[in-house]
Amino acid sequence: MAAAVVAGALRRGRAGAGGAAERTLRRLVSTLIIAEHEGGLVKPSSLSALAAAEAIAKENKVSLLLGGSGPTLHKAAEHAASSHPLVNEVLVADSDIFAHPLAEPWAELLRSVQQKGGYSHVIASSTSFGKNLLPRAAALLDVSPVTDVTAISEPRVFVRPIYAGNALCTVRYTGESPCMMSIRSTSFSPATESMSETKVAPITQVDLSFLSEASSRKSSWVNLTSQDTERPDLANARVVVTGGRGLKSAENFKLLEQLAEKLGAAVGATRAAVDAGYVPNELQVGQTGKIVAPEVYIAFGVSGAIQHLAGMRDSKYIVAVNKDADAPIFQVADYGIVGDLFQVLEELLEKIPDKK
Amino acid sequence: MKILVAVKRVVDYAVKVRVRPDRTGVDTASVKMSMNPFCEIAVEEALRLREAGAASEVVAATVGPAQAADTLRTALAMGADRAVHVLHDPDPARPLLPLAVAKILRALALQETPGLLILGKQAIDDDCNQTGQMLAALLNWPQGTFASKVIIDKDKQKATVEREVDGGTETICLDLPAVITTDLRLNQPRYATLPNIMKAKSKVIKKVTPADLNVDVRSDMEVLRVDEPPKRKAGVILSSVDELLDKLKNEARVL
Numbered sequence: 000m001a002a003a004v005v006a007g008a009l010r011r012g013r014a015g016a017g018g019a020a021e022r023t024l025r026r027l028v029s030t031l032i033i034a035e036h037e038g039g040l041v042k043p044s045s046l047s048a049l050a051a052a053e054a055i056a057k058e059n060k061v062s063l064l065l066g067g068s069g070p071t072l073h074k075a076a077e078h079a080a081s082s083h084p085l086v087n088e089v090l091v092a093d094s095d096i097f098a099h100p101l102a103e104p105w106a107e108l109l110r111s112v113q114q115k116g117g118y119s120h121v122i123a124s125s126t127s128f129g130k131n132l133l134p135r136a137a138a139l140l141d142v143s144p145v146t147d148v149t150a151i152s153e154p155r156v157f158v159r160p161i162y163a164g165n166a167l168c169t170v171r172y173t174g175e176s177p178c179m180m181s182i183r184s185t186s187f188s189p190a191t192e193s194m195s196e197t198k199v200a201p202i203t204q205v206d207l208s209f210l211s212e213a214s215s216r217k218s219s220w221v222n223l224t225s226q227d228t229e230r231p232d233l234a235n236a237r238v239v240v241t242g243g244r245g246l247k248s249a250e251n252f253k254l255l256e257q258l259a260e261k262l263g264a265a266v267g268a269t270r271a272a273v274d275a276g277y278v279p280n281e282l283q284v285g286q287t288g289k290i291v292a293p294e295v296y297i298a299f300g301v302s303g304a305i306q307h308l309a310g311m312r313d314s315k316y317i318v319a320v321n322k323d324a325d326a327p328i329f330q331v332a333d334y335g336i337v338g339d340l341f342q343v344l345e346e347l348l349e350k351i352p353d354k355k
Numbered sequence: 000m001k002i003l004v005a006v007k008r009v010v011d012y013a014v015k016v017r018v019r020p021d022r023t024g025v026d027t028a029s030v031k032m033s034m035n036p037f038c039e040i041a042v043e044e045a046l047r048l049r050e051a052g053a054a055s056e057v058v059a060a061t062v063g064p065a066q067a068a069d070t071l072r073t074a075l076a077m078g079a080d081r082a083v084h085v086l087h088d089p090d091p092a093r094p095l096l097p098l099a100v101a102k103i104l105r106a107l108a109l110q111e112t113p114g115l116l117i118l119g120k121q122a123i124d125d126d127c128n129q130t131g132q133m134l135a136a137l138l139n140w141p142q143g144t145f146a147s148k149v150i151i152d153k154d155k156q157k158a159t160v161e162r163e164v165d166g167g168t169e170t171i172c173l174d175l176p177a178v179i180t181t182d183l184r185l186n187q188p189r190y191a192t193l194p195n196i197m198k199a200k201s202k203v204i205k206k207v208t209p210a211d212l213n214v215d216v217r218s219d220m221e222v223l224r225v226d227e228p229p230k231r232k233a234g235v236i237l238s239s240v241d242e243l244l245d246k247l248k249n250e251a252r253v254l
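The listed protein sequences derive, respectively, from chains X and Z. Mapping the first sequence onto numbering that gives the first Met the number 0, position 330 (from 1) lands on 329, and the numbers just tick up by one. Mapping the second sequence onto numbering that gives the first Met the number 0, position 57 (from 1) lands on 56, and the numbers just tick up by one.
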């Protein structure tokens, strides 16, 4: 019975009024991307959002919204203007209020820009910034956003993982415009093609008169404690080496860092390793931590709990080193070594040449 | 000050879920259900704030079918003072969305006038990570999401929240009333003891419906289908590090 209902809905969606609606939609597609930037460059996760915009429609008019203040903002705006052929306009919100990622003023900004621009789609990346901001802005606009989109099959039909990635849910958004979504950046390759100098999109300053004193003062930013690291960013690294409880101590994680150095890899960890205090929280890979999909994921002393697999199951090659041959990690690993991880680590350190 | 905590009944985190053969959803008929782990952390934090004197009452609320009352009993057994159950029977093809839940919780917040709302950062079934942010927007309250530490200053009516963000820990300061969503690192939830479970049976659970609260729960999302994720092809067990190096070099090409 239920299957017939769904099948019927699918047929209606394809052939009936749904088809006509999709055609009208395709003509009217325009997308606003909330772009994050750092050091004068648009972040790779936001460039992935451009790939998602392209998946919504080949001729999508994209506006990139950047906020902050100072010279790095304007350098990033120039980068944004020439980052992708679909970029039609770069909107710059230049104010100290946006220097820090506080959801309250940012959501007001997003609402104001949407109300002026009337975009059909709004995209943010599923970073801590995007996850904090997008639902707040969506509620202000009285629409339901779609979290963590991994595939776009029609302008309003999306795939997203549920139950820690153990099921993939295909949903159709049937509400008012805009259709808002956060995208999983590892599922969309960042647009790399740069445009020629002559096709640079115009940069426009956003009118900030909407900012009321009251809303911007309900929260204030105090500080950010960050781990300085020379290694590549965990979410974007080509190779990730991860340690679990099996590493036994923070000291032993140093060995993993040495291996990461040699491989040009980022270091990740399981919840158990973080809770035991071996490494800081932001290295946690999993349902509640970072989602990664590197070329190679090498897991040392990781059992492979559902919540951890949720964060790395889309890696191209998974390597597992564990002394327990029955560990669930071996069910997803392409290459496994059953043995003492310290011996394996030592041998790898010995045999892998230094990065030139 | 009163604290309102929202809790959700979900498939237990340790259950390996199965997609139904008709692909309309995940099989939840005969599996173990529990309180969402992030909601447990939210209840625990509210109780600790009450024990520290920052709050006088902790009210737990849920939106869900009749069985969701079990989840409220768990919150009461942990130590919540009373509970509100907003009865709603879910339709798998038109799930109750975070926006509708946020509207229901806003209505409860306007009735209960809490000084603080605590929610989990996400439910482990729909993995949305939206409700707290939406609720804060609807109330026009500030939000402290992904909290790993909460300090309440009763005199100044402010909350200092440490948040887990990409690349580190951020500290922000919020005017009360505010909405806080919990990260895993916030605390270690307590177990309900048998005497407390017995005591919880006599605590009050008020039942209301979305209609009583004047909230329209219409859904703007249609679930077309639910699929199993693609299976990974079977891997191989290697016998030596040299073999691994060879694979990394010649197949994965990262050396």
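Some clues are possibly wrong.
What the hints assert, rightly or not - Far from chain X by the CB rule (all over 12 Å, computed), these chain Z residues:
id, residue
1, K157
2, T192
3, P209
Said to hold, decoys possible - Computed, partial: chain Z to chain X, Cβ under 8 Å:
id, residue
4, L98
5, K198
6, L243
Think of the hints as simulated: they come from the structure by calculation, not from any bench. C-beta: ideal position from N, C-alpha, C; glycine also.
Going down the list of hints, with the structure as the test:
no., hint, verdict
1, K157, "9 Å, violated"
2, T192, "24 Å, holds"
3, P209, "16 Å, holds"
4, L98, "5 Å, holds"
5, K198, "31 Å, violated"
6, L243, "6 Å, holds"
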